[in-house]
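A.B. asks: The lines below spell out each chain.
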Amino acid sequence: MANQIENLPNTPPEGANWESDLKKVGFVRRLLRARHWYGADWWFVLISSIAVIGFIIVAIFPGLFAPYSPDALVGPRFLAPGEEAALSVLVVPSSASYSNLKELAAGEGSTRPRIGVVQGSSTAGDLNTQAQLIDQKLKEQGNGVRFRPVIARYASLDLALQAVADGTDSAAVVQSTEFVSVKAKFTTLREADSLTGETAGSFALGTNDIGQDLLSRLIWGTRIALIIGFTSAILSLFLGVPLGLLAGFLGGAFDRILSLVMDSLYAFPGLILAIAIAAVLGPSILNIIIAISVLYIPTYYRIVRGQTLSVKQEVYIEAAQSIGARRPEILGRYILPNVIPSVFIIFSVNIADAILTGAGLSFLGLGLPPTIADWGIDLARGQRFIQTAPWMITYPGIAIVLVVLSFTLMGEGLTEIFNPKLRDR
Amino acid sequence: MPPITLLALIIGIPSILLLAYVFIRGSTGLRRYILTRIVLTLPMVFILGTLVFFILRVLPGDPVSSALGPKGTPEMIASVRTQLGLNDPLIVQYGRFLWQMVTLKFGNSLVGGHRPIIAEMSERFPATLELIIPASVLALIIGIFGGTLAASKRKKVTDYIFRIYAVVIYSLPIFWLGLILQLFFGVKLGWLPISGRIDPIIGTTLVTHTNIYFIDSLITGNWPAFLSVLQHLVLPTITLGLIQSGLFVRITRANVIETMQMDYIAAARARGIREKVLIYGHALKNAMIPVITLIGLQVAILLAGAVLTESVFSWPGMGSYLVERISARDYNAVQSVITVFAMLVALISLAVDVIYSLVDPRVRY
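Read top to bottom, the protein sequences are chains H and P.
The working numbering runs 262 ahead of the 1-based position in the first sequence.
Residue 304 in the working numbering sits at position 309 of the second sequence, and the numbers go up by one each step.
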């Protein structure tokens, strides 16, 4: 293309110079003209775009992918990824007609059933809570049936199970994982339902300190990350681009003062400024978005201003002026389309940066209310349990890296397509 | 002698000597450039300070009522506001703020022992220096050697590894890198401590002069303390250094490649100079110039990274001080810390520009 432009004066164009110049304008045209879709870069763009689209789909429909709600307490605390959850299960004689607590209540009538537990085990507490719940429900129904079991405590698992086998107790409540190991000794017993009605399951990424499923939180966290990334990038784009266009086009004192402010803002450590803004505004999603978007206005401003300054010198702007185009028209029709490709590149990298900054803010406990399913918050929480539950910090971090990486790579690939001269940078 | 004065002397005397040398030996153009640059730093500090001031004042939210919490009666809030001068007209407050910036008298902390903020910062600031200086050195070493290596093996496996490294490092959240290093080297292997600057028991034996423990333990010859300080430094330094190294690798690589295509390199090659000498002796020297500019541009990333690194490693520096005081709603301290950061940014970019002008004689006003 460089050759073409150099040869222009020698080969007379079909129309006037400015006419062929005007044809160069346009974002889509430039994209299609980018014949340098060579080698690895083409793949970079393709793979990262697919990843980005995937993340966007997950962010729009997290409910489809997440097995649980992000706030639900679905399992035991600190369950490692893939590990079987130890449930409190009811162990009953093989011949028994009942297989859960409710049936036990109905069948026994006025005599209180004896249920065995192991002393010092968590099952006793589970049994107590469940028994009270069931009793409460029966009481509300009001037909005289109650569920107030006699809880017998045994020193060991074997003793508790022996009592059921002997017929002293109607059932025993034990941990499912423990029962598996002694199952062979008690052939007359069978494992009935779990107390809460849950089936024993494992969690792909484990659970956190209060028993929430980390996979679900991870998936729902995509939504927060992308909302923060996109909204703040769009906000700073809509403020930075017009300011940059105006400053570059108008020049003068307006340009000088604005540039001074923007340069200072650009030099200042973004995260620290965001910390200050977020601290003053208080934690909420809207505030974190405002704090981050302020940081990236100068990035757009500087690039757009620079491009406007160079485009302003082009012949076709002079041509447009001479055919009587008004200033807003020149800005909107002739300058803006030339600036858009670089804005597009910054936008992609900007989203990546905004997600990183947002995660940093919520990691410091400043950006978001602590109940929200967010990767930064999950990481901050995981840091406290780094000794006992390392999986809590592994996966949210990987999620951040993947999302940021795909947006960055998309920006990189686009840069190389639009500015082939920079391809070694 | 208070630690902060000593520290100022340690950093200040060499820089003044260097400046004096440059002024005596340098050309007129160089002298004019440095003077202009120093004069231009003042408006930058002024604008940054003004930005900090207005962001903290204009945004909604009352610092005093949130500092006092639900216990604060309207009378208490009013009296604290008067005491802080928050009831004065904005222009008076702004004037007072600028005066504080010039004199470095930031007033007292709103919480805890109500100590002067400058005294608290003089304990925290050396810790941040102790972290960011070795981290930057590490980043430069990785960046320059990695970038040159990648450029010399262009389009080969080494090159691709370093290019991928640069992009991946850029996408890593610094606090997560810190956590993973803690998990691996601190928890799993148990080789290195994961928080603090020095072992608390050994710390009691250390006599501090500068509050930079590395220097203190070295000059007092306290070897157990020195060892402990080194051990505590490893993980935070690697965290902050690695994150910064990505951009350095990238820029060094691009510049070495660009320089290698220049005519004088072709001429040198034609004279039969070996490729290694060409790259390390001829190309790297010229390629270093943009890298120095990058150090100045990286300051923002460095300081932001320092805040997060300090928080992960419970490193008692300026960053963790800022975060602590935000949680405590100590408005005075927050404003002062951010102002100091702004001055630091301006000073470092001044220093980088001066060094740049020494290295590259083309840079003159």
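Calculated directly from the structure, the hints in this document are not laboratory data.
A few of these clues could be false.
Said to hold, decoys possible - Below, computed lysine to aspartate or glutamate pairings styled on DMTMM-like, alpha-carbon distance capped at 25 Å:
#1 P:LYS148 / P:GLU319
#2 P:LYS183 / H:ASP471
#3 P:LYS183 / H:ASP455
#4 P:LYS271 / P:ASP348
#5 H:LYS364 / H:ASP333
#6 P:LYS183 / H:GLU576
#7 P:LYS100 / P:ASP83
#8 P:LYS100 / P:GLU319
What the hints assert, rightly or not - Partial list, derived from the structure: chain H residues whose beta carbon lies under 7 Å from chain P:
#9 GLY325
#10 LEU326
#11 ALA328
#12 ALA541
#13 PRO545
#14 ALA621
#15 ILE662
Stated by the list, open to error - Covered stretches of chain H, going by a simulated chain P footprint (3 or more residues, C-beta under 8 Å):
#16 510 to 516
#17 591 to 598
#18 625 to 637
#19 668 to 676
As the structure is a computational prediction, the values presented were derived from the model and not from experiment.
Glycine included, C-beta positions come from ideal geometry on N, C-alpha and C.
A.B. asks: None of the hints should be skipped; say for each whether it holds.
C.D. replies: Now for the hints, and whether the structure bears them out:
1. P:LYS148 / P:GLU319: violated, 47 Å
2. P:LYS183 / H:ASP471: Holds, at roughly 20 Å.
3. P:LYS183 / H:ASP455: Not OK: P:LYS183 and H:ASP455 at ~39 Å, beyond 25 Å, violated.
4. P:LYS271 / P:ASP348: Violated, because 30 Å separates the two Cα atoms, which is more than 25 Å.
5. H:LYS364 / H:ASP333: violated, 28 Å
6. P:LYS183 / H:GLU576: Violated. P:LYS183 to H:GLU576 sits at ~62 Å, over the 25 Å cutoff.
7. P:LYS100 / P:ASP83: Since the Cα atoms of P:LYS100 and P:ASP83 sit roughly 19 Å apart, the hinted pair holds (cutoff 25 Å).
8. P:LYS100 / P:GLU319: It holds: about 21 Å lies between the C-alpha atoms, which stays within 25 Å.
9. GLY325: violated, 26 Å
10. LEU326: Hint on H:LEU326: violated, closest Cβ of chain P at ~26 Å, above 7 Å.
11. ALA328: This interface hint is violated because 22 Å lies over the 7 Å limit.
12. ALA541: holds, 4 Å
13. PRO545: Hint on H:PRO545: violated, closest Cβ of chain P at ~11 Å, above 7 Å.
14. ALA621: Holds - the Cβ of H:ALA621 comes within 7 Å of chain P, reaching about 5 Å at its closest.
15. ILE662: holds, 5 Å
16. 510 to 516: violated (count 0)
17. 591 to 598: Contact hint for the region 591 to 598 of chain H vs chain P: violated, 0 residues under 8 Å.
18. 625 to 637: holds (count 4)
19. 668 to 676: Coverage by chain P holds for the region 668 to 676 of chain H (3 residues, Cβ < 8 Å).
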